[in-house]
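Please build the complete structure, drawing on both the sequences and the hints.
Read top to bottom, the protein sequences are chains E and H.
For the first sequence, our numbering begins at 254 and goes up steadily by one.
For the second sequence, our numbering begins at 109 and goes up steadily by one.
By construction, these hints were calculated from the structure, which means they are not laboratory data.
Possibly wrong hints are sitting among the right ones.
Stated by the list, open to error - Straight-line C-alpha distance at most 25 Å; calculated SDA-like pairs for lysine to any residue:
1. 362(E) / 351(E)
2. 363(H) / 511(E)
3. 362(E) / 124(H)
4. 363(H) / 518(E)
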Amino acid sequence: MTLVLNIRDLQLAFKSWSGTSEVLHGISLTIGKGERVALVGESGSGKSVTARIVLGLLQELRGVQISGSVEFQGQDLGAMPDRERRALRGTAMSMIFQDPTSSLNPVFKIAPQFQEVLARVTPGISMSATRVRATDLLREVAIAEPERVLDSYPFQLSGGMNQRVMIAMALANRPALLLADEPGTALDVTVQAQTLDLMRALVTDHGTSVLFISHNLGVVREFADRTYVIYRGNIVEEGPTRDVFENPGHPYTRALMAAQPKITGGGLPDLVEGDRHYLEPRFVHEGVA
Amino acid sequence: MSLLSLRQLGKSFQTGAHEVRALQDVTLDVADGECLAIVGESGSGKSTLANLVLGLFPPTTGAVEFDGAELPVVRTLAHRRSIQLVQQNPASALNPRRSVGASLQLALDVHGIGTSDTRPARVAELLRDVGLPEDLARRSPTSLSGGQRQRVAIARALACESRLVVLDEPTSALDVLVQAQVLRLLADLRARHNLTYLFITHDLAVVRNIATRVAVFSQGRMVELAETETIFTAPQDPYTRRLISAVPVITEEEKTMRNGLSQS
Numbered sequence: 254m255t256l257v258l259n260i261r262d263l264q265l266a267f268k269s270w271s272g273t274s275e276v277l278h279g280i281s282l283t284i285g286k287g288e289r290v291a292l293v294g295e296s297g298s299g300k301s302v303t304a305r306i307v308l309g310l311l312q313e314l315r316g317v318q319i320s321g322s323v324e325f326q327g328q329d330l331g332a333m334p335d336r337e338r339r340a341l342r343g344t345a346m347s348m349i350f351q352d353p354t355s356s357l358n359p360v361f362k363i364a365p366q367f368q369e370v371l372a373r374v375t376p377g378i379s380m381s382a383t384r385v386r387a388t389d390l391l392r393e394v395a396i397a398e399p400e401r402v403l404d405s406y407p408f409q410l411s412g413g414m415n416q417r418v419m420i421a422m423a424l425a426n427r428p429a430l431l432l433a434d435e436p437g438t439a440l441d442v443t444v445q446a447q448t449l450d451l452m453r454a455l456v457t458d459h460g461t462s463v464l465f466i467s468h469n470l471g472v473v474r475e476f477a478d479r480t481y482v483i484y485r486g487n488i489v490e491e492g493p494t495r496d497v498f499e500n501p502g503h504p505y506t507r508a509l510m511a512a513q514p515k516i517t518g519g520g521l522p523d524l525v526e527g528d529r530h531y532l533e534p535r536f537v538h539e540g541v542a
Numbered sequence: 109m110s111l112l113s114l115r116q117l118g119k120s121f122q123t124g125a126h127e128v129r130a131l132q133d134v135t136l137d138v139a140d141g142e143c144l145a146i147v148g149e150s151g152s153g154k155s156t157l158a159n160l161v162l163g164l165f166p167p168t169t170g171a172v173e174f175d176g177a178e179l180p181v182v183r184t185l186a187h188r189r190s191i192q193l194v195q196q197n198p199a200s201a202l203n204p205r206r207s208v209g210a211s212l213q214l215a216l217d218v219h220g221i222g223t224s225d226t227r228p229a230r231v232a233e234l235l236r237d238v239g240l241p242e243d244l245a246r247r248s249p250t251s252l253s254g255g256q257r258q259r260v261a262i263a264r265a266l267a268c269e270s271r272l273v274v275l276d277e278p279t280s281a282l283d284v285l286v287q288a289q290v291l292r293l294l295a296d297l298r299a300r301h302n303l304t305y306l307f308i309t310h311d312l313a314v315v316r317n318i319a320t321r322v323a324v325f326s327q328g329r330m331v332e333l334a335e336t337e338t339i340f341t342a343p344q345d346p347y348t349r350r351l352i353s354a355v356p357v358i359t360e361e362e363k364t365m366r367n368g369l370s371q372s
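Structure (structure tokens):
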């Protein structure tokens, strides 16, 4: 199987005046072609910084120490000059953020924002060509009146509509990898469900691989083929989504599943006793511990 | 006997030329000691309802009755003391320049509860009540975790010994493990202090496990009101069904239940 993304032993630390804080302690993660992979964890677990490293956003900052390797379609991102890495962004890989309304520029209408995206692959694309292409892309995300949307400012559209515009833009240049950081978290549940269905259909059609970052267990369960559970910068469990949810092997994963209230009832989730087991390995062979 | 009664409550906002009817004709009795969940999506009117109960703005129509008496448009200090609020985001609910203890003591000072000699002891007691160590009183809220901050906000609501607490998405900003602890704390406090909750949320999984009754709101109207069990097993309104069917779930059991609702 060809790997679209291959992260090996990735470590990340931020240096500041008060010392070094280690954020990722050697995580490994792979995504095959067309695979939907979730990275699930709580705030501060390191899931968003992982996406930022893949996008190449952290490498350019000062005070950031990264070791390990990130290979995208067989190319080592760490060995790549900044200029080449930047060229991948918005073309071969793109990202959808949590809050669609603040990800779009409020002072431009949707059409010129589309032009900017399309120009990454087709420099100097005309406005009329942009509108033709954007109309198709907006129809793909089930927007009924693409012409009206193209002539609107983001604040004139609903949150769900903006999220669909973001998805259309992210998929405009047919990226091999889509990074989705908490997509739909800022939306109402009914809109969130529609958005995820739509996103799943589109990535399946185009064979796009997805790194899906979320703290919402329900959303991960419904969207991802495979799931990685991250806790304090360590991957504690990995496997097919169904297995991870139905038969969690790690104490931390089990605690997460137990803490999630269920719509079938069963009372308030059990109190979690403490986190001393969360960093233990899943399997300890006899005679080692 | 009902503690809070909403009588044909309605609120409209004037925006430019047109009128937005945020809440229309809501009549609802909240029983003493119950946990009534107010459920709905953005724009459903649930926050407007909370603000009307708290008296933050006057209703356009109808009235709010508390403990058998109609609440005036301009609330007195005593009225404000009797209904307390816990907000969604604990980071912005507490003054970052005031220590945790000072924030709690301010609530006691404003409402003249106790004397300056007894207040520090009461602050310590409040912190213990929400499962926090007493020495947290000296710390700044900025040095606390999200869960600890929300506990402080809850302690502040308890400080006034009010009987009704409006909880506006109290656990939406928290991680799932912390959420579980805060929900358990809220349930314990309700039982220990005989509190009544108006629990505003969009999270139906939380509602199922904490509420006694559920009121579903859509576009400013209450579309369904029932015991929690009934709302989930036999929802009548199409919107309620749609809402429950859209909840992302993690177990097969939940999926079966949800699929059953969306098909029938």
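Hints versus structure:
{"no.": "1", "hint": "362(E) / 351(E)", "verdict": "20 Å, holds"}
{"no.": "2", "hint": "363(H) / 511(E)", "verdict": "17 Å, holds"}
{"no.": "3", "hint": "362(E) / 124(H)", "verdict": "23 Å, holds"}
{"no.": "4", "hint": "363(H) / 518(E)", "verdict": "13 Å, holds"}
When the structure is compared with the earlier hints, no violation turns up for any of them.
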